[in-house]
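Undergrad: Spelled out from the first residue to the last, the chains are:
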Amino acid sequence: MSDELEKAKANERQRVQRLWMAAGLGGLGVATLPCSILLWETGWPLAEPLALVLAFAGVGVVVASFAWGGRYMPNGDTVRVENARGGYRDSLQSKRAYWGAYAPLMYLFPTWKSMESAWMITAGRAEWLHWIMVGLGPLCAVTALLVVAGLDNPGDKKMKRLLEDELTLSFRRDALNAALGVAMIGLLVVFGLGLWRAEAAVAALPGLMFVTASAAGLRYWQLDRRASGG
Amino acid sequence: MAEPRLVIHLKAVRTAAGLTQQELADRARLSRKTVNTVENGVFTPSVIVALTLARALDVPLDALFTLED
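Quick mapping for you: the protein sequence lines, in order, are chains A and B.
Under this note's numbering, the first sequence has 64 at position 39, and the numbering climbs by one with no breaks.
Under this note's numbering, the second sequence has 455 at position 24, and the numbering climbs by one with no breaks.
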């Protein structure tokens, strides 16, 4: 405990020392103002522009000393923290969680078209458009899962650093576990459907992918909301 | 022998220091959610996060977390 006390005392000494340095710097800046007036009055060649430069430099030094010294006021740390742009990281993480929850709504229609196309293909009544549409559902589901898994935009290191911390990694693990559980139950259902009618099982697969991705996104969102609560 | 239980004193230490969750999060460069979930016992932090919190509050680690039988 005495070490901590010594450390606190040393920090306080350093703060006061720096505050005095800032005050000295400010005093120096103020002192340039009468000097610049005296210089202006001398009537020497180039005295007037030099006096102006000196006066502006003095004002600059005073402003800088206020800014620097403000950091070392007794409440400087609190003021700095309160004025800081807080919660940016939380806000970014929440945006991603919301996206995970709302994305399934956007993917509902493509998934339905995908299931319909899969049914037409397996029934032997497919046109060229069905072959394109059938890929939409799986594509949407994979995209949603990639976002929850944090594998989207892997090159953006700054965003990754902001979005990913231990807590979000634990959310991700939990969300992907939930998705795995849903996928396993869904596979059992699809297996049963396949025993009844094979084409029904194929048509149900985009739906299963959608439900799996939605489960991951919703679980992630739920965890994020719970963590945001006070 | 019963499993030891983790007791978290983070909230008490933080409020004693006069800091909000956001202020502590900013000091420790963590998200507020991390601070909140650790305080509520929802999330058990790694040693690195625990030490970061202790350093941000300028207290030893066992002032924030203790084990009870």
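Rather than coming from a laboratory, the hints here were simulated on the basis of the structure.
No experiment lies behind these values; they were computed from the predicted model shown.
Just to be clear, a hint being listed does not mean it is correct.
Computed beta-carbon distance windows for the label pairs [said to hold, decoys possible]:
| # | chain 1 | residue 1 | chain 2 | residue 2 | range |
| --- | --- | --- | --- | --- | --- |
| 1 | B | 492 | A | 214 | 29 to 37 angstroms |
| 2 | A | 77 | B | 491 | 26 to 34 angstroms |
| 3 | B | 440 | A | 250 | 21 to 29 angstroms |
| 4 | A | 225 | B | 460 | 14 to 22 angstroms |
| 5 | A | 210 | B | 494 | 23 to 31 angstroms |
| 6 | A | 225 | B | 479 | 34 to 42 angstroms |
| 7 | B | 498 | A | 222 | 26 to 34 angstroms |
Lysine-lysine pairs mimicking DSS-like chemistry, simulated, CA-CA at most 27 angstroms apart [what the hints assert, rightly or not]:
| # | chain 1 | residue 1 | chain 2 | residue 2 |
| --- | --- | --- | --- | --- |
| 8 | B | 442 | A | 182 |
| 9 | A | 182 | A | 120 |
| 10 | B | 442 | A | 32 |
Reference excerpt, derived from the structure (chain A facing chain B, CB under 8 angstroms, subset only) [what the hints assert, rightly or not]:
| # | residue |
| --- | --- |
| 11 | 114 |
| 12 | 115 |
| 13 | 118 |
| 14 | 189 |
| 15 | 192 |
| 16 | 224 |
| 17 | 226 |
Quick reminder that beta carbons are idealized off the backbone N, C-alpha and C, glycines included.
Undergrad: Can you verify the interface hint for residue 192 (chain A): is its Cβ closer than 8 angstroms to any Cβ in chain B?
TA: With Cβ-Cβ at 5 angstroms, under 8 angstroms, it holds.
Undergrad: May I ask you to test the hint 26 to 34 angstroms on the CB atoms belonging to residue 498 (chain B) and residue 222 (chain A)?
TA: violated, 58 angstroms
Undergrad: Hint residue 115 (chain A) vs chain B: min CB-CB distance below 8 angstroms?
TA: holds, 5 angstroms
Undergrad: Against the 27 angstroms threshold, does the CA-CA distance of residue 442 (chain B) and residue 182 (chain A) hold or violate the hint?
TA: With a Cα-Cα distance of about 32 angstroms, the restraint between residue 442 (chain B) and residue 182 (chain A) is violated, given a limit of 27 angstroms.
Undergrad: Looking only at beta-carbon atoms, does the pair residue 225 (chain A), residue 460 (chain B) fall within the given range of 14 to 22 angstroms?
TA: violated, 53 angstroms
Undergrad: Is the interface hint satisfied for residue 118 (chain A)? The criterion is a beta-carbon contact with chain B at less than 8 angstroms.
TA: holds, 6 angstroms
Undergrad: For the pair supplied as a hint, residue 442 (chain B) and residue 32 (chain A), is the alpha-carbon distance within the 27 angstroms limit?
TA: holds, 23 angstroms
Undergrad: For the pair residue 77 (chain A) and residue 491 (chain B), does the Cβ-Cβ distance stay inside 26 to 34 angstroms?
TA: violated, 56 angstroms
Undergrad: Does the beta carbon distance between residue 210 (chain A) and residue 494 (chain B) stay inside 23 to 31 angstroms, or does it fall outside?
TA: The hinted range 23 to 31 angstroms is violated for residue 210 (chain A) and residue 494 (chain B), with Cβ atoms some 46 angstroms apart.
Undergrad: Do the numbers back the hint for residue 224 (chain A), that is, is its least Cβ distance to chain B under 8 angstroms?
TA: violated, 45 angstroms
Undergrad: A closest beta-carbon separation below 8 angstroms is what the hint needs, so does residue 226 (chain A) meet it against chain B?
TA: violated, 40 angstroms
Undergrad: Indicate whether the distance between the beta carbons of residue 225 (chain A) and residue 479 (chain B) respects the range 34 to 42 angstroms.
TA: Cβ of residue 225 (chain A) to Cβ of residue 479 (chain B): about 51 angstroms, so the range 34 to 42 angstroms is violated.
Hint violations for this structure: numbers 1, 2, 4, 5, 6, 7, 8, 14, 16 and 17, all remaining hints satisfied.
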